[in-house]
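Here's the letter readout for the chains.
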Amino acid sequence: VTVLGDLLTGFGVALQPINLLLAGGGVALGTLVGMLPGIGPINAIAILIPLTFASGLPAESVLIFLVGIYYGSQYGNSISTILLNVPGTASAVVTAIDGHALTQKGESERALAVSAVASFVGGTLSVAGLVFFAPALSRLAIRFGPAEYFALMLFALTALSSLGGKDLFRGLVALGFGLFVAAVGIDPQSAVPRFTFGQLALLDGIDFVVVTIGLFAVSEVLLALEGTGVGAEHRERLGRIWVSLADLGHTIWTMVRSAVVGFVVGVLPGAGGTIAAFLGYATEEKLTDREGTFGKGDIRGVAAPESANNAAANGSMIPLLTLGIPGSGTTAVLLGALTALDVTPGPQLVSQRPEVFWGLVASMYIGNLLLLVLNLPLVGVFARLLRLPRWALMPGVAVLSVTAVYAINQSVFDLILMVAFGVVGYVFRKASIPLAPAILGVVLGPLMEKNLRRSLALSGGDWGVLFSSPLAIAFWVMAAAFVLVPALASVGSREGGSAVPRGRGADS
Amino acid sequence: VTRLDRWLGGVLIVSGLAIAGTARGYTVGFAVDPVGPRVLPYLVTALFLLSGGALLLRKGKGDAEAGRVPTGPSLKPQVAAVAVLLLYAGLILPLGFIPPTVLATGTLAKLFGGRWARGLAVGLALSLGLYGLFALGFGLELPMGTLFQGGR
Chain A
1 VTVLGDLLTG FGVALQPINL LLAGGGVALG TLVGMLPGIG PINAIAILIP LTFASGLPAE
61 SVLIFLVGIY YGSQYGNSIS TILLNVPGTA SAVVTAIDGH ALTQKGESER ALAVSAVASF
121 VGGTLSVAGL VFFAPALSRL AIRFGPAEYF ALMLFALTAL SSLGGKDLFR GLVALGFGLF
181 VAAVGIDPQS AVPRFTFGQL ALLDGIDFVV VTIGLFAVSE VLLALEGTGV GAEHRERLGR
241 IWVSLADLGH TIWTMVRSAV VGFVVGVLPG AGGTIAAFLG YATEEKLTDR EGTFGKGDIR
301 GVAAPESANN AAANGSMIPL LTLGIPGSGT TAVLLGALTA LDVTPGPQLV SQRPEVFWGL
361 VASMYIGNLL LLVLNLPLVG VFARLLRLPR WALMPGVAVL SVTAVYAINQ SVFDLILMVA
421 FGVVGYVFRK ASIPLAPAIL GVVLGPLMEK NLRRSLALSG GDWGVLFSSP LAIAFWVMAA
481 AFVLVPALAS VGSREGGSAV PRGRGADS
Chain B
1 VTRLDRWLGG VLIVSGLAIA GTARGYTVGF AVDPVGPRVL PYLVTALFLL SGGALLLRKG
61 KGDAEAGRVP TGPSLKPQVA AVAVLLLYAG LILPLGFIPP TVLATGTLAK LFGGRWARGL
121 AVGLALSLGL YGLFALGFGL ELPMGTLFQG GR
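Top to bottom, those sequences are chains A and B. First residue of the first sequence? That's 1 in this note's numbering, and the numbers climb one at a time after it. First residue of the second sequence? That's 1 in this note's numbering, and the numbers climb one at a time after it.
The hints are simulated quantities; they were obtained by calculation from the structure and are not laboratory data. All C-beta atoms in this analysis are idealised placements derived from N, C-alpha and C, irrespective of residue type, glycine included. Among the clues, some could well be false.
Stated by the list, open to error - Derived coverage of chain B by chain A (criterion: at least 3 residues anywhere in the stretch with Cβ under 8 Å from a Cβ of chain A; other residues may be distant):
no., stretch
1, 4 to 12
2, 32 to 38
3, 79 to 91
Throw the hints in and build the complete structure from the sequences for me.
Set out below in structure tokens:
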């Protein structure tokens with residue numbers, strides 16, 4: 001009963017005209033950036049942060065907009081994947097298998113329609129999961145002390161480093177880089193300046209927006225100059241996008257099961273949309289593929305990953321909102337945005353800022369519905385935007401990056417830093433080093449350091465305090481498992497491989 | 001394991017040691033902060049030594065991956081793009097937001113195989129649109145160009 005009351009409060013927030021507009025605008029923009037190669041939700045959110053702050057909107061409205069971009073992009077992704085076989089991000093790689101096969105059979109309308117419905121089912125069911133589990137987790141997490149938080153963050157960081165890329169060591173390169181960037185500037189606890197190289201501009205540290213846009217957007221522009229991969233053009237005219245009752249009946253349980261799989265994977269740190277889509281697809285292939293049609297244009301092969309990756313996006317909001325611990329690059333950027341808005345995600349959020357938490361949850365129901373209502377009739381319009389030539393799109397991304405970074409501090413120094421991070425990001429991409437752990441390191445680094453030093457201060461320097469509660473020990477064991485298992489497995493082999501297929505872009 | 005991996009492994013180990021060396025000097029006398037500001041840099045060093053060592057020492061020769069790492073002349077467009085972005089950053093204060101944005105868009109469009117005139121046209125539209133959105137719409141300050149204002 002109380003949940004219903006809370007949800008009603010939330011709908012009171014989400015149904016305000018401005019918030020409805022922001023939810024609709026967010027999901028439409030998310031669809032667009034998820035679809036166009038080279039932008040992606042992480043860049044879109046980072047680029048929009050200066051604008052949303054300048055707008056003076058309340059925190060819940062900003063969050064409704066930015067999170068709308070995040071889950072909207074999960075659907076937009078599938079448009080370019082199905083039509084062009086160009087997955088915008090890694091989480092759509094699995095959709096490409098059957099989605100593009102259906103396009104080659106001339107059934108792209110069917111694939112796009114089922115993808116939209118699957119995104120809606122996965123999205124809506126997982127918001128229900130969010131309503132159910134987030135308050136419960138908050139009540140548990142309220143008892144976490146600094147030692148538990150430190151171990152939990154370590155677990156999140158190692159999980160993403162381990163699962164986010166080709167092998168563990170490459171993930172650790174990115175994590176170390178992110179933590180180094182986090183250390184730059186005046187240490188807030190001792191006022192000692194660290195790694196400022198005599199630059200006054202570095203005393204305040206490096207803004208996470210500068211790092212994110214540099215690492216992701218600028219490096220994407222440099223990567224696109226190689227001219228590989230993207231560039232396919234979609235010529236076919238699309239007919240009416242509508243899902244048939246037969247398709248719906250055929251796929252509905254696939255969508256529901258994949259939503260559960262995706263939600264669970266999304267809640268866990270590190271795994272994210274790619275692994276959710278992969279597991280959703282693999283589960284359905286095992287359970288339902290009796291005729292061996294998966295991989296040859298089976299509509300269920302589109303429904304499963306699309307439902308799963310939308311559910312994972314929403315599931316990943318649970319650790320972000322209730323623990324304040326993001327499990328992916330995009331949620332890390334959202335945490336940065338929230339912190340800058342003076343909202344501290346964590347166990348107190350649900351009780352102390354109900355308008356933010358329940359307003360967001362209610363808006364996610366509305367946003368998923370809007371996504372469906374917008375997309376069934378408008379896919380054709382979106383698909384036409386895929387013809388935007390690269391010589392216009394990629395310089396546009398570069399100019400947007402420069403404008404957004406300049407707008408944060410009106411600083412030319414920030415622009416130079418951004419370009420430098422772009423070069424680092426490009427080298428990392430070429431060396432198969434995932435970028436998401438770096439962002440997580442930048443955002444979580446200061447929090448992790450604060451909790452470590454606080455727990456050691458409380459214990460008078462005794463490191464044993466870090467292992468003094470069963471919960472902390474459990475997090476340590478999980479963190480160690482993510483480091484040791486892949487390390488042992490890859491030391492012997494020539495090249496540490498991964499069972500999960502990787503797309504061009506990082507799973508951000 | 002590619003040549004880039006070996007090179008990167010070396011860079012990581014050297015920078016890891018340099019970071020630890022610098023962090024040694026970060027001390028505070030408070031008893032309330034027993035580990036002090038060194039602990040985070042030391043963690044970075046540990047991560048860099050571990051991952052750098054793995055990239056440097058792991059067995060195996062260059063494989064299919066190696067062909068995807070561009071070298072020498074094939075890196076020209078990337079170097080040009082970085083130069084354009086740095087020049088863009090340097091010109092934004094003296095010339096103001098709009099002219100360097102038009103020029104940078106045009107040059108980058110050319111690098112991506114577009115035509116000059118079209119690239120400049122897109123740049124003009126983009127710069128006016130972004131100026132309208134950021135400066136007029138949201139009140140975020142974008143430079144007008146000190147050169148035209150007689151220095152400010």
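Checked hints:
1. 4 to 12: holds (count 4)
2. 32 to 38: holds (count 6)
3. 79 to 91: Result for this restraint: holds, n = 7.
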